[in-house]
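Enquirer: Read off the chains here:
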Amino acid sequence: MALVLNEEQQMLKESAQGFLAEFAPLAELRKQRDAGSQTGYADNLWSQMVDMGWAAILVPEACGGLGFGHVGMGQIVEQSGRTLTASPLFATAILGVTAINSAGNEAQKSELLGAIARGEITTALAIDEKIHHAPTQISMTATKREGGYVLNGAKRFVADGSTADKLIVAARTGGEPGDMTGISLFVVDRTATGIGVDRTVMTDTRNYAEISFNNVEVAESGLLGAEGYGFNALSATLDAGNIYLAAELLGIAQETFDVTLQYLKERKQFGVLIGSFQALQHRAAHWWSEVELCKSVVLKALQSIDEGDDKSPALASIAKAKLCEIAELATNEAIQMHGGIGMTDEYDIGFFIKRARSAQIMFGDNSYHTDRFALLSGY
Amino acid sequence: MTDLQTFRQQTRDWLEENCPPSMREPVKGGEGMCWGGRNFTFESKEQQQWMERMGAKGWTAPDWPTEYGGGGLDKAQHKILREEMSRINARSPLDSFGIWMIGPALLKFGSEALKQQHLPPIVRGEIRWCQGYSEPGAGSDLAGLQSKGEDRGDHFIANGQKVWTSYGDKADWMFCLLRTDSEAKKQMGISLVLFDMLTPGVTPKPIKLISGSSPFCETFLDDVRVEKDQVVGEINQGWTIAKYLLTHEREMIGGMGMSEAGAETMSQTASRVLGVEQGRMNNPMLRAEVAKWEIDGACFALTAERVTDEVKSGSGVGATSAMLKYYGTELNKRRFETLLKINGSDGMIWDGEAAINGWLPRTWLRTKGNSIEGGTSEVQLNVIAKNILGLG
Chain A
1 MALVLNEEQQ MLKESAQGFL AEFAPLAELR KQRDAGSQTG YADNLWSQMV DMGWAAILVP
61 EACGGLGFGH VGMGQIVEQS GRTLTASPLF ATAILGVTAI NSAGNEAQKS ELLGAIARGE
121 ITTALAIDEK IHHAPTQISM TATKREGGYV LNGAKRFVAD GSTADKLIVA ARTGGEPGDM
181 TGISLFVVDR TATGIGVDRT VMTDTRNYAE ISFNNVEVAE SGLLGAEGYG FNALSATLDA
241 GNIYLAAELL GIAQETFDVT LQYLKERKQF GVLIGSFQAL QHRAAHWWSE VELCKSVVLK
301 ALQSIDEGDD KSPALASIAK AKLCEIAELA TNEAIQMHGG IGMTDEYDIG FFIKRARSAQ
361 IMFGDNSYHT DRFALLSGY
Chain B
1 MTDLQTFRQQ TRDWLEENCP PSMREPVKGG EGMCWGGRNF TFESKEQQQW MERMGAKGWT
61 APDWPTEYGG GGLDKAQHKI LREEMSRINA RSPLDSFGIW MIGPALLKFG SEALKQQHLP
121 PIVRGEIRWC QGYSEPGAGS DLAGLQSKGE DRGDHFIANG QKVWTSYGDK ADWMFCLLRT
181 DSEAKKQMGI SLVLFDMLTP GVTPKPIKLI SGSSPFCETF LDDVRVEKDQ VVGEINQGWT
241 IAKYLLTHER EMIGGMGMSE AGAETMSQTA SRVLGVEQGR MNNPMLRAEV AKWEIDGACF
301 ALTAERVTDE VKSGSGVGAT SAMLKYYGTE LNKRRFETLL KINGSDGMIW DGEAAINGWL
361 PRTWLRTKGN SIEGGTSEVQ LNVIAKNILG LG
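Sequence lines, in order, name chains A and B.
Take the first sequence: its letters are residues 1 to 379, numbered as in my numbering.
Take the second sequence: its letters are residues 1 to 392, numbered as in my numbering.
Derived from the structure by calculation, the hints contain no laboratory data.
The model shown is predicted, which means the values in this text are computed figures rather than measured ones.
Here a beta-carbon is modelled for each residue, glycine too, at the ideal position from N, C-alpha and C.
Worth double-checking, as some hints may not be accurate.
The following label-pair restraints were derived from C-beta to C-beta distances [said to hold, decoys possible]: (1) 72/B <-> 279/A: 45 to 53 Å; (2) 336/A <-> 279/B: 33 to 41 Å; (3) 181/A <-> 288/B: 57 to 65 Å.
Listed next, the stretches of chain A that the computed footprint assigns to chain B, with coverage defined by at least 3 CB atoms under 8 Å from CB atoms of chain B [as the list claims (entries may be wrong)]: (4) 22-31; (5) 69-75; (6) 182-188; (7) 214-226; (8) 293-304.
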């Protein structure tokens with residue numbers, strides 16, 4: 001597939017740009033933060049997005065969705081990196097849909113995916129148990145008993161964990177931490193008995209939670225996929241998640257670049273525009289070049305999910321590793337080139353570095369994905 | 001069968017019959033390249049056959065018009081030819097600055113007479129070209145060149161010194177920038193002229209590089225007669241063509257050396273030399289360095305692909321050749337620094353058959369020139385800052 005957007009994807013990108021600038025600009029995130037919001041976004045934002053059809057983009061048509069594909073959804077997420085828009089789009093319409101679509105049986109798909117597409121439920125994916133992402137190291141247990149399972153353990157860094165209606169949880173029905181087999185996926189109500197949700201206040205002002213499971217009972221119908229064989233679906237979900245995080249980081253890298261370039265053309269010192277200094281020109285030109293590489297790898301990675309390409313896992317790690325590196329470069333350069341004003345809370349640029357680092361860490365940072373890429377390549 | 005399928009089958013059959021077996025083995029370290037021309041020594045009879053057969057078919061310049069000896073292939077056919085050649089690991093039949101540089105410039109800017117005179121011998125590999133651009137006082141500041149062409153009616157008399165003339169001692173003809181109007185503003189008084197290296201007064205002298213090889217010359221011009229009908233485009237309007245050629249050169253250098261067909265990838269080399277235990281390469285620091293390079297290499301290759309696709313679909317921004325040149329050459333330098341670390345003391349062996357005659361240290365040193373020739377990395381960053389980012 002050519003590495004360019006088709007007309008429909010380009011239109012979606014533009015409509016997302018317009019919508020986000022109007023209804024969920026960065027000023028909204030600031031407002032939410034200052035008001036101590038629990039979600040990080042305005043109450044009616046998700047229903048507006050659902051009305052736009054965004055919750056249904058990845059849901060197959062057979063389940064009441066649009067089946068529009070990942071390249072299209074990626075454009076929305078990239079734009080949301082420019083506006084730093086928080087919403088259930090990532091945890092529900094991307095992670096929730098991908099996990100259920102990869103692992104679920106027909107009944108679960110039609111019930112849950114249909115409900116997501118209609119905006120009736122939101123989801124959160126509960127994976128990590130330690131401070132570093134390590135999906136094979138899951139130790140939370142799911143013990144089989146008559147008619148279902150009992151969950152015990154704790155999860156952390158769960159995006160939308162304090163607000164989602166349903167939790168998608170990875171737990172062990174067998175094996176030891178480190179094994180890929182023995183991991184199973186479950187769907188449970190967030191308000192089920194035995195679940196304790198502790199909202200953590202995070203640097204990016206978004207909604208995450210630490211969640212404890214104390215003898216939580218799940219019916220047989222809550223098992224997503226075959227018992228003990230949830231890792232493939234989990235991997236596919238994490239690959240997609242990482243590719244979308246890379247897309248968001250691409251939006252961040254581009255927006256910080258555009259804002260900084262504008263500043264270089266406005267700010268005067270020593271009687272001249274600071275953009276006339278070669279020391280800054282070369283750094284800006286290098287930064288721009290790196291962003292060009294980022295655009296290519298994010299688009300290729302998104303296409304690879306749509307095509308069911310077997311290089312998708314490697315591309316997910318390449319994209320995430322590269323975008324972690326360049327988002328770090330971009331947000332650091334943005335502050336440095338803005339000088340003192342870049343350090344003020346009043347100026348917006350600081351919001352980008354805060355969101356970028358959270359997005360980098362989620363589902364594995366640069367070092368995790370560089371290591372994973374090497375392993376997938378046989379070294 | 002569609003026309004393209006027929007073309008593919010015919011191409012496959014023809015290549016099967018005409019590409020000699022030894023021309024289906026990978027080229028190692030610059031050896032085995034075929035430059036053609038009056039002074040070239042073929043490494044084998046098969047190499048000569050391969051060049052001549054492809055040249056006669058016009059497939060050394062597949063997309064040039066047939067009236068100038070080219071293959072006359074459209075984009076789809078050209079792609080098929082490339083695919084069929086790579087399917088059998090066929091070597092490039094002819095490596096040529098004529099095909100890469102002056103040929104495209106002649107096609108775009110040259111008179112009919114110049115095209116008729118120069119293009120067919122380029123296609124057949126009979127005439128090898130070199131580039132007379134840089135001068136001792138005009139490197140990054142190319143437009144500051146001082147070699148003069150004095151107007152003598154129907155010809156110019158050229159005097160001056162060129163430097164970094166690639167293979168100047170082996171080439172047959174030079175395309176050369178001369179100052180033909182010393183009154184005009186810097187860029188305005190320059191002409192692009194063509195002359196035979198055998199013309200009296202032309203003296204190329206090889207320059208030995210830190211890599212031990214001498215791919216470049218300094219070329220002295222002493223009262224060299226250049227006919228006016230050998231000016232490409234208008235007199236004093238050569239700078240536009242020079243810039244066009246520089247773009248070509250950037251693209252060429254930017255894409256060079258990233259991967260030779262059939263050669264080991266960096267991680268394959270590293271795995272072989274360092275060893276892999278329980279799925280992970282021994283030496284975690286180098287493993288990380290290799291992985292980071294391969295990630296950047298993959299992203300760069302995808303970018304070259306995307307730029308091509310954008311041009312095809314008409315959505316490209318253009319002006320990306322500076323970025324590809326900058327990034328590609330820096331990446332290639334990094335590649336050889338890492339390869340050197342992987343190979344330890346073996347990487348310092350300068351001579352001897354076991355070390356492929358010092359291929360690694362010599363190539364490593366040669367890559368240092370990649371970010372200098374064709375415009376330094378710093379010049380490319382200037383071009384990006386000024387032309388793309390609008391920073392004054």
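Enquirer: Honestly, which of those hints from before does the structure not fit?
Expert: 3, 4, 5, 6 and 7
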